[in-house]
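Student: Residue numbering for the sequence shown follows UniProt numbering, starting at 1 and increasing by one per position.
A hint or two may mislead.
What the hints assert, rightly or not - List time: in silico PhoX-like cross-link candidates among lysine-lysine, alpha-carbon distance up to 25 Å:
id: 1; residue 1: 649; residue 2: 687
id: 2; residue 1: 696; residue 2: 559
id: 3; residue 1: 427; residue 2: 559
Stated by the list, open to error - Label pairs and their computed distance ranges (CB to CB):
id: 4; residue 1: 304; residue 2: 172; range: 42 to 52 Å
id: 5; residue 1: 191; residue 2: 304; range: 36 to 46 Å
id: 6; residue 1: 18; residue 2: 414; range: 45 to 55 Å
id: 7; residue 1: 495; residue 2: 11; range: 19 to 29 Å
id: 8; residue 1: 191; residue 2: 22; range: 26 to 36 Å
id: 9; residue 1: 171; residue 2: 407; range: 37 to 47 Å
id: 10; residue 1: 367; residue 2: 212; range: 37 to 47 Å
id: 11; residue 1: 196; residue 2: 28; range: 26 to 36 Å
id: 12; residue 1: 139; residue 2: 411; range: 26 to 36 Å
id: 13; residue 1: 471; residue 2: 96; range: 42 to 52 Å
If you're looking for bench data, these hints aren't it; they were derived computationally from the structure.
Heads up, the beta-carbon is just placed ideally off N, CA and C, and yes, glycines get one too.
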Amino acid sequence: MANFSSLGYFNASRFSLPGSIPEWFGVRLSGLKVLDLRGCSIVGGIPNSLGNLSSLAVLDLSDNGLTGFVPESLSRLEGLSVLDLSRNLLVGSVPASFGFLRNLTLLDLSKNNLSGFIPPDIGLLTKLEVLNLSGNGMSSLVPSQLGDLSSLVDLDLSFNSFSGSLGLDLRVLRNLRRMVFGNNRLSGSLSGKLFAELTQLQVIVLSHNDFSGEFPDILWSMPSVRFLDASENMFTGTLPNSSWTATASPAVYNLSENMFYGDLMDVMRRFSVIDLSNNYFKGKVSECARKSAILYRNCFRGESSQRSVAACASFYSKRRLPFDNFGLPVKRPPPPKFDEKSQRNTIILPVVLGGLGLIAIVIIFLLLLILCTCKRRITNQRVTSVGPLATDVIPKESLQLLSLGKGFTYQQILRATREFSDANLIKHGRSGDLFLGVLECGVCVVIKRISSPVKDAYLPELNFFSNVSHPRFVPLLGHCLNNESERFLIYKYMLKGDLSSSLYRTESSDGDSLQSLDWITRLKIAVGVAEALSYLHHECTPPLVHRDVQASSIFLDDKFEVRLGSLNEVCAQEGNIHQSRITRLLRLPQTSEQGPSGTPTTTCAYDVYCLGKVLLELVTGKMGLSTSSDGTMKEWLEEALPYISIHDKELLTNIVDPSLIIDEDLLEEVWAMAIVAKSCLNPRPAKRPLVRYILKALENPLKVVREESPSSARLRTVSSKGSWSAGLFGSWRWRSSSDVASHPAAIPLNKAEGGISYKHSVTQSSQGSVQNAGGDHLYIFSEPLEEDMVRPHKD
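Taking the hints into account, I'd like the entire structure generated from these sequences.
Tutor: In structure tokens, the structure reads:
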């Protein structure tokens, strides 16, 4: 290799250069001033020899697959002004010796797996303008020395685990324009003095912390602030007087999910958008406030989707504040009226009903005996079948381990995880802890450590992989089953993580705003999840139920393709749905775990319900819905579902994710997904659609809300007496009677009340209508009532 000591610039950004950085870079490129290798698919560690490039001013290795530690040798590059190692897989702590890089203007180590604390010597970098350490696992307190960085313009410490109070003096940071502390564990109150000198501040993010006390008055009137997010804290107090905002410019504020209270002030005129939802504001809402504010889940008088009177009264009572009970008189039921005729009816009616009830109980008991016999026969047939997960007991010897990837030794597992270092811990899962591992060949993997007290608890998952092969599931690369006390499963590493951590991110070209996944990517994710569930429900025999569909089990590769994980609870669907419904009716004990609304989690309808929650998360951006409790979910649905209507697209804008940038056509797709989600969330399991039709709807979302014709594509209008679900799924639902028999929710249209009959002569047109040349009928699901969508049932 020739000597390139005179080479000053090496820029290969966005070129594919697989492999590791050669060690000779730091020896033969001694005159290098700029080394730009961002987005080159580089793997392996950062060579220590790069510390010999004494002339280097810019080092950009971002957006690769670099692993290992940040080498201390980089601290010898005293002329370095830009150091960007973001979006890699680096581990360990930030070297304390980085305090020697006195000429540094940009230090970006975001989106890695760094841990430990911020070295206090970082405060010596007085020329530093951008400091981004977001998206790591750093903890401890935010060092007060950061307040000495007088040149700082951009400070981002979000998505770490910093705790305690914000113990740094911000008054020196007069040039600061963007300050992001979101998604940490910071607590205590904020003093307005911290912000007094920050006249250039434009973006403030304090969300998802534990800040409490009064919201600093100065934050209401800072003239340069364009965006402030203080949501999901415990701030309290009232809105300020309007005189404080005379010099302020229009801004976007998010103060949702705090404990603000009192009446709305004229200060509302200042904001272009302000989210005050999930607080305790009361009184009447002015027309001015309606134009700019999001106000649901408060205590306003005469407004929809507000908190209950009891909850509001309790909040104000604890603080000894007056509350007007919404200004509504207390309604008392009228006194009962009795006459001779009603008394006679009172005696006769219970006798008649009691007799009919006794007859009904006898009939149901006989049906139950017949169904029990049928189920026993079906169960015996299934036990002898060969389908995946057909039995509960899976002998280890029956598994073909050769088809389940490579066998690893325990020592290899220890080396890959650095002896299960806390820095490598990704999260604690229900079936085992997940660790980031780096194999000897440099490949990143995820290693699940299973220490279950139940013997052979890992076998159902291995059995799943030995019987099921589909690209929509997280690939299993290998296993380690030789250790006595623990078992290990090795999976392919998903570069984008799971949906719960990927929906929002802070990677933008200018770094001035929080970015979220665009709508096209969200729709792609929804289709991917539906494809995975459609395979389990409709292509496996017997049908398989995932039982854990949520944002944290939906993993994404580098192209945001879905790989469904959390497969340890997959099981065969219950043998007889009709029997389980009668069992619930008679309130007999059940052997299966219950999901929302009394639904057995071992039915495909439960997966559909969970899918509906994920779809709503993609539409509203409200992460956490798929993991919320039944009570919380029911409460949120009561507020959100009225805004999802097949008749009115504009209603959806009240709950759609405000970070989505969508035009009119894309809004129709968002609207369509919301309608699909609503059908999935029907509390009556038998009314929910099959996944195969959900998949068809998501692949063709405009068909959900448009009725195409040769001349135009106009919005569908459906009569309230008709079936809106016919408009949603009718175009894809031509099925034979054998298909319908497998799903109790399906009813023939010619027998459904208010339905339309399609028989024999239906033809296929270019507009997507359905051809049925035989004697079968087109089947749909009966229309869910609006009250059904918010009132869970136990049937």
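Student: Are any of the numbered hints broken by this structure? If so, which, sorted upward?
Tutor: 6, 8, 9, 10 and 11
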